[in-house]
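Novice: Residue numbers (my numbering), protein chains in the order written: chain A, 1225 to 1803; chain F, -16 to 101; chain D, -13 to 100; chain B, 73 to 314.
Worth flagging that the hints you see were computed from the coordinates, not collected in a lab. Please read these numbers as outputs of a predicted model, since none were measured by experiment. Treat the hints loosely; a few may be bogus.
Unchecked claim - List time: in silico DSS-like cross-link candidates among lysine-lysine, alpha-carbon distance up to 30 Å:
{"#": "1", "chain 1": "B", "residue 1": "LYS78", "chain 2": "A", "residue 2": "LYS1533"}
{"#": "2", "chain 1": "B", "residue 1": "LYS78", "chain 2": "B", "residue 2": "LYS286"}
{"#": "3", "chain 1": "B", "residue 1": "LYS193", "chain 2": "A", "residue 2": "LYS1382"}
{"#": "4", "chain 1": "B", "residue 1": "LYS207", "chain 2": "F", "residue 2": "LYS70"}
{"#": "5", "chain 1": "D", "residue 1": "LYS(-12)", "chain 2": "B", "residue 2": "LYS286"}
{"#": "6", "chain 1": "B", "residue 1": "LYS207", "chain 2": "A", "residue 2": "LYS1554"}
{"#": "7", "chain 1": "A", "residue 1": "LYS1675", "chain 2": "A", "residue 2": "LYS1542"}
{"#": "8", "chain 1": "A", "residue 1": "LYS1347", "chain 2": "A", "residue 2": "LYS1533"}
{"#": "9", "chain 1": "D", "residue 1": "LYS(-12)", "chain 2": "B", "residue 2": "LYS207"}
{"#": "10", "chain 1": "A", "residue 1": "LYS1554", "chain 2": "B", "residue 2": "LYS150"}
{"#": "11", "chain 1": "B", "residue 1": "LYS193", "chain 2": "D", "residue 2": "LYS(-12)"}
{"#": "12", "chain 1": "A", "residue 1": "LYS1542", "chain 2": "B", "residue 2": "LYS286"}
{"#": "13", "chain 1": "A", "residue 1": "LYS1347", "chain 2": "B", "residue 2": "LYS207"}
{"#": "14", "chain 1": "A", "residue 1": "LYS1542", "chain 2": "B", "residue 2": "LYS78"}
{"#": "15", "chain 1": "A", "residue 1": "LYS1382", "chain 2": "A", "residue 2": "LYS1235"}
{"#": "16", "chain 1": "B", "residue 1": "LYS303", "chain 2": "A", "residue 2": "LYS1347"}
{"#": "17", "chain 1": "B", "residue 1": "LYS303", "chain 2": "A", "residue 2": "LYS1554"}
As the list claims (entries may be wrong) - From the structure, some residues in chain B lie toward chain A, with a derived Cβ separation under 8 Å:
{"#": "18", "residue": "GLY84"}
{"#": "19", "residue": "GLN101"}
{"#": "20", "residue": "GLN111"}
{"#": "21", "residue": "GLY127"}
{"#": "22", "residue": "GLY130"}
{"#": "23", "residue": "ALA172"}
{"#": "24", "residue": "MET175"}
{"#": "25", "residue": "ASP177"}
{"#": "26", "residue": "PHE189"}
{"#": "27", "residue": "LYS193"}
{"#": "28", "residue": "PHE201"}
{"#": "29", "residue": "ILE202"}
Beta carbons: idealized from backbone N, C-alpha and C, even for Gly.
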Amino acid sequence: MSKNIQIEETKTDVLILGSGGAGLFGALHAKAANPDLEVTVAVKGLLGKCGCTRMVQGGYNVALAPGDSTERHFMDTVEGGKWINRQDLAWTLVEQAQVRIRELENELGCYFDRNPDGTVHQKAFAGQTFDRTVHKGDLTGIEIINRLAEQVWARDIKRMEDHRAVALIPANDGTRIAGVLMIDMRSGAFRMVRAGAVLLATGGGPTMYKFHTPSGDKTCDGMAMALRLGLTLRDMEMVQFHPTGLIAGEDTRITGTIIEEGLRGAGGYLLDGNLERFMHKYDERGERATRDIVSRGMFQEMREGTTAKHGGLYITMKHLDPAMVKKNFKGMVERCADCGFDLVSGNVEVVPTAHYMMGGVVFEPDCTTEIPGLYAAGEDTGGVHGANRLGGNGVANSTVFGGIAGDTIAGAINAGMALPEPDRDAIEAAIGLCRQPLERPAAGIDQVRTKLWHHMWEDAGIVRDAASLARAGATLDDLDAELDTIGVDGGNLAYNLTWHDWLNLKNLILVSKSVVAAATAREDSRGAHFRADFPDVRDLENSTFTVVRLEDGKITLGTAPVDFSRVKPGESLLDESAA
Amino acid sequence: MASARVETRLWVWQRLSAAVLGLCVLVHLGMIIYAVQDGLSAAEIITRVSGNAVWFVFYAVFIVAVAVHAPIGVRTILNEMTGLSPKATHLIMAVLCLVILVMGFRAVIGLYQAGAGL
Amino acid sequence: MKVAAHRNHPHYWAFVLHRASGLLLALFLPAHFYVLGLAIEGAATLDGFLSWAETPVAKLFETALVILLAAHLTGGVRLLILEFVGSRESSRIAVAVGTGIAVCTGLIFLLNGT
Amino acid sequence: MSNTIKVSVWRGAEEGEFESFEVPRQPSQTVLDVITYIQRNIDTTLSYRFACRVGVCGSCAMTVNGRPRWTCRTHVDKVATDGTLQVAPLRNLQVVKDLACEMTDFFDKLDRAEGKFHPTKTRHDDFDFITPDDKKRKQASAGIECIGCGVCYAACDVVDWNKDYLGPAALNRAWTLVNDERDGGNDVRLAAVAGDAGCHACHSQQGCVEHCPKHLSPTHSIAGLKRETAKAAFKGLLGGSD
Ligand SMILES: Cc1cc2nc3c(=O)[nH]c(=O)nc-3n(C[C@H](O)[C@H](O)[C@H](O)COP(=O)(O)OP(=O)(O)OC[C@H]3O[C@@H](n4cnc5c(N)ncnc54)[C@H](O)[C@@H]3O)c2cc1C
Ligand code: HEM
Ligand code: SF4
Ligand code: F3S
Ligand code: FES
Chain A
1225 MSKNIQIEET KTDVLILGSG GAGLFGALHA KAANPDLEVT VAVKGLLGKC
1275 GCTRMVQGGY NVALAPGDST ERHFMDTVEG GKWINRQDLA WTLVEQAQVR
1325 IRELENELGC YFDRNPDGTV HQKAFAGQTF DRTVHKGDLT GIEIINRLAE
1375 QVWARDIKRM EDHRAVALIP ANDGTRIAGV LMIDMRSGAF RMVRAGAVLL
1425 ATGGGPTMYK FHTPSGDKTC DGMAMALRLG LTLRDMEMVQ FHPTGLIAGE
1475 DTRITGTIIE EGLRGAGGYL LDGNLERFMH KYDERGERAT RDIVSRGMFQ
1525 EMREGTTAKH GGLYITMKHL DPAMVKKNFK GMVERCADCG FDLVSGNVEV
1575 VPTAHYMMGG VVFEPDCTTE IPGLYAAGED TGGVHGANRL GGNGVANSTV
1625 FGGIAGDTIA GAINAGMALP EPDRDAIEAA IGLCRQPLER PAAGIDQVRT
1675 KLWHHMWEDA GIVRDAASLA RAGATLDDLD AELDTIGVDG GNLAYNLTWH
1725 DWLNLKNLIL VSKSVVAAAT AREDSRGAHF RADFPDVRDL ENSTFTVVRL
1775 EDGKITLGTA PVDFSRVKPG ESLLDESAA
Chain F
-16 MASARVETRL WVWQRLSAAV LGLCVLVHLG MIIYAVQDGL SAAEIITRVS
34 GNAVWFVFYA VFIVAVAVHA PIGVRTILNE MTGLSPKATH LIMAVLCLVI
84 LVMGFRAVIG LYQAGAGL
Chain D
-13 MKVAAHRNHP HYWAFVLHRA SGLLLALFLP AHFYVLGLAI EGAATLDGFL
37 SWAETPVAKL FETALVILLA AHLTGGVRLL ILEFVGSRES SRIAVAVGTG
87 IAVCTGLIFL LNGT
Chain B
73 MSNTIKVSVW RGAEEGEFES FEVPRQPSQT VLDVITYIQR NIDTTLSYRF
123 ACRVGVCGSC AMTVNGRPRW TCRTHVDKVA TDGTLQVAPL RNLQVVKDLA
173 CEMTDFFDKL DRAEGKFHPT KTRHDDFDFI TPDDKKRKQA SAGIECIGCG
223 VCYAACDVVD WNKDYLGPAA LNRAWTLVND ERDGGNDVRL AAVAGDAGCH
273 ACHSQQGCVE HCPKHLSPTH SIAGLKRETA KAAFKGLLGG SD
């Protein structure tokens, strides 16, 4: 054990990090495939309550209806991803989604909405050539996670709630993963959990931006831990922004959360500070243009034009039938009303908001990674979505690959197998990193967060260029250094949120650095990545993707060519199947 | 859980008896209001009930229903609001049921036969 | 820590009233039977009791009992409706109507008797 | 509107005391924002729970001015009518620290109420045909949007009186499943929810309905269970012999 710090140690066959769609499916599948395995789910909050899968509103993309096909869903995904998706992953996604959705409905009990004739209802979601989004009202995520959590509670699956993973610990011979160092948040104690297999399913989450949609527990912990372990991350420049997040002023948690896209679809107007429409300046479809275009238009308008009270713009529905708005957007109307906004007959201030990270850990279709024993699934991974994620492909991604990971793990390890000895130096180093703020006099970390939010938003957000990215890079280094001088009151480590805020920021800054590095490297505009200095898509046929690693504390960067393993730009699987 | 069946049945019995009591109490209340109009006298009560089979049956039903209904309710209250053991409350329920039955029938039979003495 | 409950809403009061009235009625019942049982010992004893029952204090007591009975009845009917018919909208109204009926019954009883 | 608000917050675990803070008022401020402000700017050691911040996850419920509520969707204007707030942890749950509660009992009870789907088909079968206006489907839908916030659990006196009582949320979930025609677990479920730890302990106090932020009605769900368990009892499904 470590020289001066005594820590508790526990063992399990399978350790799952995170209880979103990926984590819970991983646990259920591993347990189903081999009931003898001891499976443990560790999560930064309460099981099933945190993470973004629960927040899914729109729904779940899957080709089910007659007329739709695996090929069509695949083409939409790859075209949406601007051809940098890893095609074998995208294919696995669209194919396995068809199995997973039936598993959700038939085995887990999700009760998806139906058509009047009793068949499952599939709605339209932007960027797709077919109505294929399965949903439960506009609260699909609650339905999915509640049903998953119930099944997990019912099984002999161990729960480590309020346990935060802080480092992936390799075996002392470096051949594989040995387990994960955790902080038991309720007591503040460190705990080393040794395991035969670890599933990384902590769900990314671009919360380094001033405006963001994900839940508060998501701070790119998984990606940061993967970087520190030496894994490769890809497509990190690809951060998706949702055009309409609520903005409610300083110090409001609700700021950044989503105002449903359907409002624009139903005819809602976006207005500037003078209450004038502006979207037609950017796209002939006006407010109904795709996510990236609307976000960019709004960002431009906010930079150049007049803004509303809090620096955002307005969405309004008041020119539409109030009864329709009240009925069709009941949840949104109530949510706005709870914060003092009138969505039916007023103007609600909105702003584009960071939503999803397409990039993440490089992994294989069977969810293995470079490190034996370490598996990854869900938003922590990269390659499935390419440069842009279709609305509805996110939850499909986490549930499909989470399940696959569980299956793979069950096939790879045995119950009660001999566990590798963890690398004690790595544990020591990780504890040192976590404890460092506790050794210093307490000071406010808030200004670091505010600066991080501001600079990522301004310089590495919706619109970037070489100069802004250079600024962002320099700022991140400064912020990292600044954070390292700030202490946290460690008098009582039990449920010490401020300590965790510090750790969150540490991770966010590291992952932000990889976003900036990758964004600097990609000198063209693709999907979610828009370079003002390179506004066009370049050289589609020779597309490459970015990869980053952490070496000696520095982000190193590379690019690799995309393998068009199924279809090349300019071709389509649909023509083939039609022919 | 062994109590599932017992509790379910007690619940059913309490609701059934409540429904019966509902009717009884309506009649009873109506009767009270009618009866007190010009003062209540023993003679009056006795005249009404004694020897009258219809009233006798009515009160018999009333008593049985109440002997079912009230003790179940008292048991619930004791279970929830006192530290008494389930066994004890069950016993209290049974005793209360008996007390109500005995005292009730003693009174009604008394009234029914009282007329004979007048 | 012991967090206090938030009980100040109509349904909770209805519950309290139902429970209190039920309990009081159950306690009163043996007494009631005892008095009636006096009939066995002859009309005179019963009459003696009934004339005591004419005093204002006793009258008040009786009125309270009648209200309790009426309240328990209406509350009980409300619960039966809730449990067997199960309409959500009607429940609040039922509390109000029930309480109203109970009070009226008491008043009628009181006015009638004087 | 005064430009600050006086907030007294529970500090400690089972033992502890209220501590007062003064927090600047902001438009559109929720109770969660007030708590966050204290943690970020006044006392960094304050503990509380939240995740989604928009009323989806059900992590942030606390007792606000004596009432159990979700705090991320409770606007300060609505509750601090006299400019003061008192915030305590949720009732009937064990306190971890300050405002954060342990919810294991609550979740375990969902499981004990058989609040989980018992499949009759597999991932290799197609979806069942069920029309949206099917009566049972509608009943299942009426209670399905529970976010597991525990507000009902905190509002119910029976939970306090009877430690085994499964509580409104668990029973509400059981009822949605009783109405789920795809489910095959009703025999075990009805046996699990009958009795004095189950639906028969409920006295329709309706604190659950009164406070549920999702406007669900566990009371009516529980009433449904009472009817179904009664039927089951007469069919001898609840087991045991006389
Ligand atoms: C508001 C919103 C709406 C969305 N709507 C849609 C939609 O309509 N359709 C769609 O397809 N996608 C949607 N998405 C995206 C989708 O939710 C995600 O892509 C997907 O659910 C991610 O699943 P996951 O399992 O990877 O991560 P999550 O569900 O986020 O789960 C991550 C888990 O890891 C835990 N965790 C994090 N860090 C740690 C740590 N250090 N230690 C231990 N545990 C940790 C978290 O607490 C959480 O339990 C939406 C996202 C948001 C935010
Ligand atoms: C004279 C008669 C009555 C007596 C002594 C009596 C007594 C009681 C008692 C002691 C309780 C338990 C209260 C509780 O659990 O909180 C109770 C409950 C109940 N009573 Fe009565 N009652 C009488 C008449 C009625 C009538 C006429 C009805 C309805 C029509 C009725 C309906 C109910 C119901 C539904 C309950 C169950 C309450 C619950 O469990 O939540 N009762 N009664
Ligand atoms: S029923 Fe309502 S109050 Fe209870 S847990 Fe569910 S959402 Fe919360
Ligand atoms: S508050 Fe409790 S008593 Fe029943 S109606 Fe709701 S569960
Ligand atoms: S924080 Fe999720 S419901 Fe309030």
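Novice: B:LYS193 and D:LYS(-12): Cα distance at most 30 Å?
Specialist: With a Cα-Cα distance of about 46 Å, the restraint between B:LYS193 and D:LYS(-12) is violated, given a limit of 30 Å.
Novice: Have a go at the B:ILE202 hint: is there a Cβ in chain A nearer than 8 Å to its own Cβ?
Specialist: holds (5 Å)
Novice: Holds or violated: B:LYS303 and A:LYS1554, Cα atoms, limit 30 Å.
Specialist: Violated, because 37 Å separates the two Cα atoms, which is more than 30 Å.
Novice: Take the C-alpha atoms of B:LYS78 and B:LYS286, compute the straight-line distance between them, and say whether it is at most 30 Å.
Specialist: This hinted pair holds, its Cα atoms lying about 28 Å apart.
Novice: So, as I understand it, the hint says B:ALA172 touches chain A; can you test that by seeing if any CB pair is closer than 8 Å?
Specialist: holds (5 Å)
Novice: Given the hint that B:LYS303 pairs with A:LYS1347, test it: the Cα-Cα distance must not exceed 30 Å.
Specialist: Violated, at roughly 40 Å.
Novice: Just to be careful, I want the Cα atoms of D:LYS(-12) and B:LYS286 compared with a cutoff of 30 Å; is the pair within it?
Specialist: Roughly 26 Å between the alpha carbons, so the hint for D:LYS(-12) and B:LYS286 holds.
Novice: With a cut-off of 8 Å on the beta carbons, see whether B:ASP177 makes it to chain A.
Specialist: The hint is violated - B:ASP177 has no Cβ within 8 Å of chain A, the shortest such distance being about 12 Å.
Novice: Take the C-alpha atoms of B:LYS193 and A:LYS1382, compute the straight-line distance between them, and say whether it is at most 30 Å.
Specialist: The given pair, whose Cα atoms are some 27 Å apart, holds under the 30 Å limit.
Novice: Would the pair A:LYS1675 and A:LYS1542 pass a check requiring their Cα atoms to be no farther apart than 30 Å?
Specialist: This hinted pair is violated, its Cα atoms lying about 36 Å apart.
Novice: Tell me if the interface restraint on B:GLY130 is satisfied: Cβ within less than 8 Å of some Cβ in chain A.
Specialist: holds (6 Å)
Novice: Does B:LYS207 pair with F:LYS70 here, judged by a C-alpha cut-off of 30 Å?
Specialist: violated (42 Å)
Comparing the model with each earlier hint shows violations of hints 4, 7, 8, 9, 11, 14, 16, 17, 18 and 25; every other hint is respected.
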